[in-house]
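Asker: One line per chain: the protein sequences are A, B, C and D, in this order. Counted the way UniProt numbering counts, the first sequence spans residues 1 to 345. Counted the way UniProt numbering counts, the second sequence spans residues 1 to 345. Counted the way UniProt numbering counts, the third sequence spans residues 1 to 345. Counted the way UniProt numbering counts, the fourth sequence spans residues 1 to 345.
Don't read these hints as lab results, they were simulated from the structure. Please read these numbers as outputs of a predicted model, since none were measured by experiment. We put the CB at the ideal spot given by N, CA and C, even for glycine. Possibly wrong hints are sitting among the right ones.
Stated by the list, open to error - Label-pair distances were calculated between CB atoms; the ranges are:
| no. | chain 1 | residue 1 | chain 2 | residue 2 | range |
| --- | --- | --- | --- | --- | --- |
| 1 | D | T254 | C | K58 | 21 to 29 angstroms |
| 2 | C | R135 | D | L277 | 39 to 47 angstroms |
| 3 | B | E66 | D | G186 | 41 to 49 angstroms |
| 4 | D | K27 | A | E260 | 51 to 59 angstroms |
| 5 | D | N303 | A | D62 | 50 to 58 angstroms |
| 6 | D | V39 | B | E107 | 33 to 41 angstroms |
| 7 | C | H165 | D | E124 | 44 to 52 angstroms |
These are the residues of each chain, in order.
4 protein chains.
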Amino acid sequence: MKAAVVGASGYGGAELIRLLIHHPHLKLNKMYSSRKDHVPISAEYPHLSDICDLELTKLDPDQIAEEADVVFLAVPSGASAKLVPELLKNDVKVVDLSGDLRLKNPEDYKNWYKKTPADSFYLEQAVYGLTEWNREAIKKAKLLSNPGCYPTATLLGLAPVVKEHWIDVQQIIVDAKSGVSGAGRGLSLNVHFAEMNENFRIYKVNAHQHIPEIEQQLELWNKASGPITFSTHLLPITRGIMATIYAPLAKEATSEQVYELYKETYKNERFVRVRPLGTFPSVKETAGSNFCDIGVAVDERTNRLTIVSVIDNLMKGAAGQAVQNANLMFGFDETSGLKGFPLYP
Amino acid sequence: MKAAVVGASGYGGAELIRLLIHHPHLKLNKMYSSRKDHVPISAEYPHLSDICDLELTKLDPDQIAEEADVVFLAVPSGASAKLVPELLKNDVKVVDLSGDLRLKNPEDYKNWYKKTPADSFYLEQAVYGLTEWNREAIKKAKLLSNPGCYPTATLLGLAPVVKEHWIDVQQIIVDAKSGVSGAGRGLSLNVHFAEMNENFRIYKVNAHQHIPEIEQQLELWNKASGPITFSTHLLPITRGIMATIYAPLAKEATSEQVYELYKETYKNERFVRVRPLGTFPSVKETAGSNFCDIGVAVDERTNRLTIVSVIDNLMKGAAGQAVQNANLMFGFDETSGLKGFPLYP
Amino acid sequence: MKAAVVGASGYGGAELIRLLIHHPHLKLNKMYSSRKDHVPISAEYPHLSDICDLELTKLDPDQIAEEADVVFLAVPSGASAKLVPELLKNDVKVVDLSGDLRLKNPEDYKNWYKKTPADSFYLEQAVYGLTEWNREAIKKAKLLSNPGCYPTATLLGLAPVVKEHWIDVQQIIVDAKSGVSGAGRGLSLNVHFAEMNENFRIYKVNAHQHIPEIEQQLELWNKASGPITFSTHLLPITRGIMATIYAPLAKEATSEQVYELYKETYKNERFVRVRPLGTFPSVKETAGSNFCDIGVAVDERTNRLTIVSVIDNLMKGAAGQAVQNANLMFGFDETSGLKGFPLYP
Amino acid sequence: MKAAVVGASGYGGAELIRLLIHHPHLKLNKMYSSRKDHVPISAEYPHLSDICDLELTKLDPDQIAEEADVVFLAVPSGASAKLVPELLKNDVKVVDLSGDLRLKNPEDYKNWYKKTPADSFYLEQAVYGLTEWNREAIKKAKLLSNPGCYPTATLLGLAPVVKEHWIDVQQIIVDAKSGVSGAGRGLSLNVHFAEMNENFRIYKVNAHQHIPEIEQQLELWNKASGPITFSTHLLPITRGIMATIYAPLAKEATSEQVYELYKETYKNERFVRVRPLGTFPSVKETAGSNFCDIGVAVDERTNRLTIVSVIDNLMKGAAGQAVQNANLMFGFDETSGLKGFPLYP
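Generate the whole structure from the sequences, applying the supplied hints.
Answerer: Right, here's the structure in full:
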């Protein structure tokens, strides 16, 4: 099967390249970029010297059928909405890593992304690719909407207790921290080295576009779910997200019981690791891998649950989960191309 | 006035040295260390070469009256409880940066510090040095208990809305992040460079000893205060704390109104800077200075308030506030020796 | 005396502001920026909130005489050459931090900077401000050319053995490493956080514009000096330069003798610290201060000398030395406004 | 084939585990540690949770034949000298990552390592594993001495011009910089986070034990080789080495000619990448991979050659090259288990 990456010069694109070059069933066949044409990828990313001799070229959607069986869209929000119709009519499968197809309600997209939403036809058709929780639909998907990095960490962390009604879903607070690669390769003062180094900042307070994505899924799991408080911070590291999640318990439960719920829920999941009771993951322990690591604790003094969920934002938070979903869409083993372990230290 | 620093080889001690050398009214006269004797401070800290030619020596409490008018204790918890009685009987003023004298209830100390508490006589005598909120008592103090780094950021951030009953004080959640210098100069795998670099970790979940210190003060301000959820994380930076604080509003209020409350509350405070509405401080913006910077926002969707409070943990969170308190205790201008600005970038 | 900063929105400008606000004899009166007009400095640099309420405005050279007695030019190369004539005719003193006035030979400027050189009249008039080695001329200067960051570290490190003919001045190799703030506040992919973090790169190999500046001074000290090999690397830190300098000995000398030469040479210099034999400075030990720290060692196996010279690139490498020079130009104590110590850790 | 790792709790050991778990022909069968017994590796390294369920145990050399066909020694210098004889008599192949078997002359070991050298019998038997330059001997080796991290980067960088007599081998200067993982997992103040972060330091000036290792190989290539100047610095990053190498040309040559020599020399080497003329590798571009990346430039002004050689110190500088050598020793494809690409960004 042939794969193509659109937006290959960004960090999500580069990570897809890293994964696809070694994929046992998908062959990386083409890379497209809107900004570069006929530029070898190693000129953009010298770490790929002698590894990949493909060139970045301009995408022509009408030729896509000859060039790819599956297209990964690693493009900014706003671009996918335009590309998807053209690609689908050429009969390729599409895995969209942008935010354009995640929100079922176009009004939500308008409000949070401040852009024109995709046509409802595609919003409805798009299957949300939170792999562990939507596997059957993903297997049949032709158009897949890959989850955001923050929603992936947050939703995998919340799923067991939200679905089982163990917490008060009206009072969820998520304090999320991300490495800087999540902000992409585009230049900005916020991620200028001397501004971000030895620093830590909060951004988009109460306004991050991943908020409605999380809320939409929580409501599917538990109708009682209310609006969440969700804060995003930038860590002075390149890769990694930690979501520290707080909620009051809705029923009596000990740390042990919550831990057992998580162990049981994820016992067959290759990419979710529930950490031993009393321990918590740190972000570096998933770097370069597709794992989501989770730790939990109940505070008896406050009757609140703390959930710590950690991923590599470029892997399980983007390219890794995209490949995991493509594997399902094509009937491959779900872990194909994703066997790399965390790089530690 | 002569000043002495006990525990001068630690980071809190080093920061006190930096401040005291330039203090217009206090003269740094002696440095004590339990681990070093007759060692020039520049052998421990080469950055002090040609700046300070004092030696680290062993403390003899019976000689302290000749050597100092004020003693700063920058020692680990457990050590101050023993030293304070010996020092006080020699008639010096004491500023204690350890946690030994912060909790009025010895049982709390036993439970959270897992050590033997100081004698109640001293716990009662000790004045809690959250400068902006306890100035009159501090002025008369002979024994001052300097607040912890996390409590300083948290309490300055919470004070206006807790005292004015604008938030539900039963539902306060504090997600705090600290630079690594807060863990001190003692070696441990957690803060080994290759383990902490490019990493971010949560620690002491629901068990940090600063929790009862914060709760004790909140109750003084507002009797209804319940137990708080308070999480601590290590940032891969050297200096700086951010406390991201969440609480439901207890009355209707807009972001503007909350902002005005903070501006009004802190309008005469040199070391508290309330940031313009819509902006939030980042940790580096206080590095090396005694400022506490605060930003606030109300989320109308959830009716919750977010407060962001930032300090340099070694300054306002330790040595800086200690000097600020000593200034009050001796009747000096409160900003003496603390005029240094943030080092940025 | 009134001081003004041109280019106040860059890092060199911000560091000048930090120093001038506390200067006992110079009053920071105006800040100019070519890109901003009537913008409060705290909007550009929030760490200056409540500290400095000056605005960035456009410079009008014809009004400068009313606004300043001394003007610090913290502008990019190319800009100073145009500004200096206009300022000087208005009878202010000028301290130029750009590279425009450092090379006496306009051809060198053309070759290395690839720009149009300043008029020879000004090149001749400009006094090179390597303070420790040009003090008498600086005292009389009206137009001062502040040295580059790399040349400052390199020349202070080389001066004693070059002037005394202890090394073979035909075979000097300088391997220099700088923190990223030296690249300024302008955005570029090289200093994008995710590209520079956890990285280390060499740049401008054999082509850095500071090479002729160093060679020009070496020749003044020792006519036999040949071209140097000078490499520049970017460190993933914000502040600090280390120059590791290698040269064969031209006469027999032990480490002790070289050390004594350095101690003797710099014995009266407040801002040069020669480290005890067998020890070497690390870059953080000068952070935020105006010190240049030096360590030396002779390798008996190879008969080569290694000199390690460390500065804070924004201080002794830019704003700090500029203020040191201004102090001399006005007859102030040379250390005025420069008493701040390194911020460590 | 069964593989065992001795010293599995260190960073070199952890990297061997990462590589061996996925190795197509070697099965990681046992892990030994002198400090831990019956401790699951995931307790030491949580990033290996759910990946590897082996335990750290004590090594019993007499049982090794049943447990392994090849033993990787990732132990400190001094330990290998004692273990190797015991292992060899049990008829396993040994790949030693320590420095104990690298120096053929026991006096050199005594002088530079300040420890008792291994028995000459083993020093003679040990094959030096600089793979690209010693392949035939490695294929037949039963006892392999894996090169040091600095020597690997330095020697691969120098080989072409030293062997071909293009440079003056009496005047080689190597300025080397390493990430902190090279210092291992043992605690020390030098690599305490708050001391090393935002810092850069030189260490072991003229005294690093890798000096004689490099000189020994240079002399094998070119008898005229003299003692080198070799400096080592610590970078505030976890992984990566850059050696910036300087030498006068011994014959006329342009940058182009030197580049062509390198391209030709390494044209069949999978793990050496010569960068396009005018470009140079940065350390992150090899992170997590077994590549050594090289860039070269001749400076016509000085007639000196600059060589920049970059590796991941834990991969090509330790575990990666060890696996590469083991592949040769067993007749596997040399790249087996080493196909992972750099993790970027």
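Asker: Compare the structure with each hint and give your call.
Answerer: Here's how the hints hold up against the structure:
About 49 angstroms separates the C-beta atoms of T254/D and K58/C, a value inconsistent with the hinted range of 21 to 29 angstroms. For R135/C and L277/D, the Cβ-Cβ distance of about 45 angstroms falls inside the hinted range of 39 to 47 angstroms, so the restraint holds. A hinted range of 41 to 49 angstroms holds for the C-beta pair E66/B and G186/D, which are about 43 angstroms apart. A beta carbon spacing of about 33 angstroms between K27/D and E260/A contradicts the range 51 to 59 angstroms that was offered as a hint.
The hinted window of 50 to 58 angstroms between N303/D and D62/A holds, with their beta carbons roughly 57 angstroms apart. Taken as a hint, the range 33 to 41 angstroms holds for the pair V39/D and E107/B, whose Cβ atoms sit roughly 37 angstroms apart. Between H165/C and E124/D the beta carbons are some 48 angstroms apart, a value that agrees with the proposed interval 44 to 52 angstroms.
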